[in-house]
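The listed protein sequences derive, respectively, from chains A and B. Quick note: the first sequence uses numbering that gives the first Met the number 0, first residue 0, plus one each step. Quick note: the second sequence uses numbering that gives the first Met the number 0, first residue 0, plus one each step.
Careful, some of the hints might be misleading.
List of simulated lysine-lysine pairs, DSS-like, C-alpha gap at most 25 Å [to be verified]:
(1) A:Lys-96 x A:Lys-171
(2) A:Lys-219 x B:Lys-45
(3) B:Lys-96 x B:Lys-58
(4) A:Lys-58 x B:Lys-45
(5) A:Lys-10 x A:Lys-30
None of these hints come from the bench; they were simulated from the model.
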Amino acid sequence: MASMRDIKRRKGSIQSTQQITKAMKLVSTVKLQRARQNAERSRDYFTGMYETVTSILAKTAGMRHPYLNGSSTGKKAIVVMTSNRGLAGGYNSNVVKLITRGDFRRDEVVIYAVGKKGRDALARADYEIAEDLSEIAEEPAYPDAMRLSGELLAAFSRGEISGIYLAYTKFKNTVTHVPVLMRLLPVEIPEDARTRAESAGAPMNFEMEDEEALNLLIPKYITSLIYGGLVEAAASENGARMQAMDSATGNAEEMISSLSLQYNRARQSSITQELTEIIAGANAIT
Amino acid sequence: MEQFTLRVITPDRVFYQGDVEMVEFNTTEGEIGVLPGHIPMTVIIKPGILTITEADADKEAALHAGFAEILPDGVTILAEIIEWPNEIDEARAEAAKRRAEERLRVNTPETDMARAEAALLRAIARINVLK
Numbered sequence: 000m001a002s003m004r005d006i007k008r009r010k011g012s013i014q015s016t017q018q019i020t021k022a023m024k025l026v027s028t029v030k031l032q033r034a035r036q037n038a039e040r041s042r043d044y045f046t047g048m049y050e051t052v053t054s055i056l057a058k059t060a061g062m063r064h065p066y067l068n069g070s071s072t073g074k075k076a077i078v079v080m081t082s083n084r085g086l087a088g089g090y091n092s093n094v095v096k097l098i099t100r101g102d103f104r105r106d107e108v109v110i111y112a113v114g115k116k117g118r119d120a121l122a123r124a125d126y127e128i129a130e131d132l133s134e135i136a137e138e139p140a141y142p143d144a145m146r147l148s149g150e151l152l153a154a155f156s157r158g159e160i161s162g163i164y165l166a167y168t169k170f171k172n173t174v175t176h177v178p179v180l181m182r183l184l185p186v187e188i189p190e191d192a193r194t195r196a197e198s199a200g201a202p203m204n205f206e207m208e209d210e211e212a213l214n215l216l217i218p219k220y221i222t223s224l225i226y227g228g229l230v231e232a233a234a235s236e237n238g239a240r241m242q243a244m245d246s247a248t249g250n251a252e253e254m255i256s257s258l259s260l261q262y263n264r265a266r267q268s269s270i271t272q273e274l275t276e277i278i279a280g281a282n283a284i285t
Numbered sequence: 000m001e002q003f004t005l006r007v008i009t010p011d012r013v014f015y016q017g018d019v020e021m022v023e024f025n026t027t028e029g030e031i032g033v034l035p036g037h038i039p040m041t042v043i044i045k046p047g048i049l050t051i052t053e054a055d056a057d058k059e060a061a062l063h064a065g066f067a068e069i070l071p072d073g074v075t076i077l078a079e080i081i082e083w084p085n086e087i088d089e090a091r092a093e094a095a096k097r098r099a100e101e102r103l104r105v106n107t108p109e110t111d112m113a114r115a116e117a118a119l120l121r122a123i124a125r126i127n128v129l130k
């Protein structure tokens, strides 16, 4: 059995770890609230964007356009959204697994990394990192999303990439976060586009030619999807960290109580031993 | 006068929501003014001034990018960038305008003409809305 001093030291170290995990849990709870509000505020914009794009896609169904058909040259670009810091449970590795265990061959993709953890994990797995935009992961701002989507679309029209994918963690609620891999380009026409356009009644008119409308609207649509991914990933990150820190605090609690028990047993047995020795000593004299 | 609902939404907030008599803004096809009962239409926005005519007052804002969905009973503007006059830094807008003009004048092969032009239009919209 370990000595009393060892047990005491171990208990002290676990207690200070527990203080840290407790504090981190509180911090990520507060951050989660903020990130959630951000995600909710962007929802109106996103819904409006989705409806408009669906209505134009329904109207232009069957049209040939690079944004709809894709191009065959070049690799596929994957925007990978992870966190810059660890201690968030399986949050980062789940996103990375989408790519390493997905249907993509390593040599046909390039990674646009948002978040250091994902960048490092994929670089270690020998994936090609085209760009590192980790600084935008913490406080997602719309201009950042515009810059990224502008770059991706420019590379797409130059023929350097043949498609754009987005890997991020969808925020369902505080405890459920689902890692998803979504295709941004070529644009997937939602299945309900047709029926919705038909049920909408008055047909929507577009002031410009269909092709021009696609040229102008699709980039905005992709920007909004990227922005949506950023805010949801930020919310999921804090949610995942909150959960991870909560269970770490619980585990520390458990360890402390079992160590306390051990410590008390050791203390008692040493007292008993001392007593036995004294009594034996006293008996020997008399 | 007859009114309709105007909603101006940006990615991070609801910028404006209310009943208005008329709304005017700049689109890729030219400046337009929308009154109640307009045919359904979607237009793409070009940098310019957004003028909102309410029952008792006019409001202006600098609208830079986005698109608008016009329906007979309401208009929804999805704005990527939009600012009220009190959010604009005039000195910065002036500096941006001069920079963009300079870039367009020098016009080296590396100049991204489309970007410089867009920057100039944005700066002009900001300055105009302050006047």
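Consistency of the hints with the structure:
Only pairs whose Cα atoms come within 25 Å are accepted, and Lys-96 (chain A) paired with Lys-171 (chain A) is accepted, the gap being roughly 20 Å. A hinted pair counts as satisfied when its Cα atoms are at most 25 Å apart, and Lys-219 (chain A) with Lys-45 (chain B) qualifies at roughly 13 Å. A hinted pair counts as satisfied when its Cα atoms are at most 25 Å apart, and Lys-96 (chain B) with Lys-58 (chain B) qualifies at roughly 24 Å. Pair hint Lys-58 (chain A) plus Lys-45 (chain B) holds up; C-alpha atoms about 23 Å apart against a cutoff of 25 Å.
Between Lys-10 (chain A) and Lys-30 (chain A), the direct Cα distance comes to roughly 30 Å. Violation of the 25 Å bound is thereby established for this hinted pair.
This entry does not satisfy hint 5, going by the numbered hints stated previously; all others are met.
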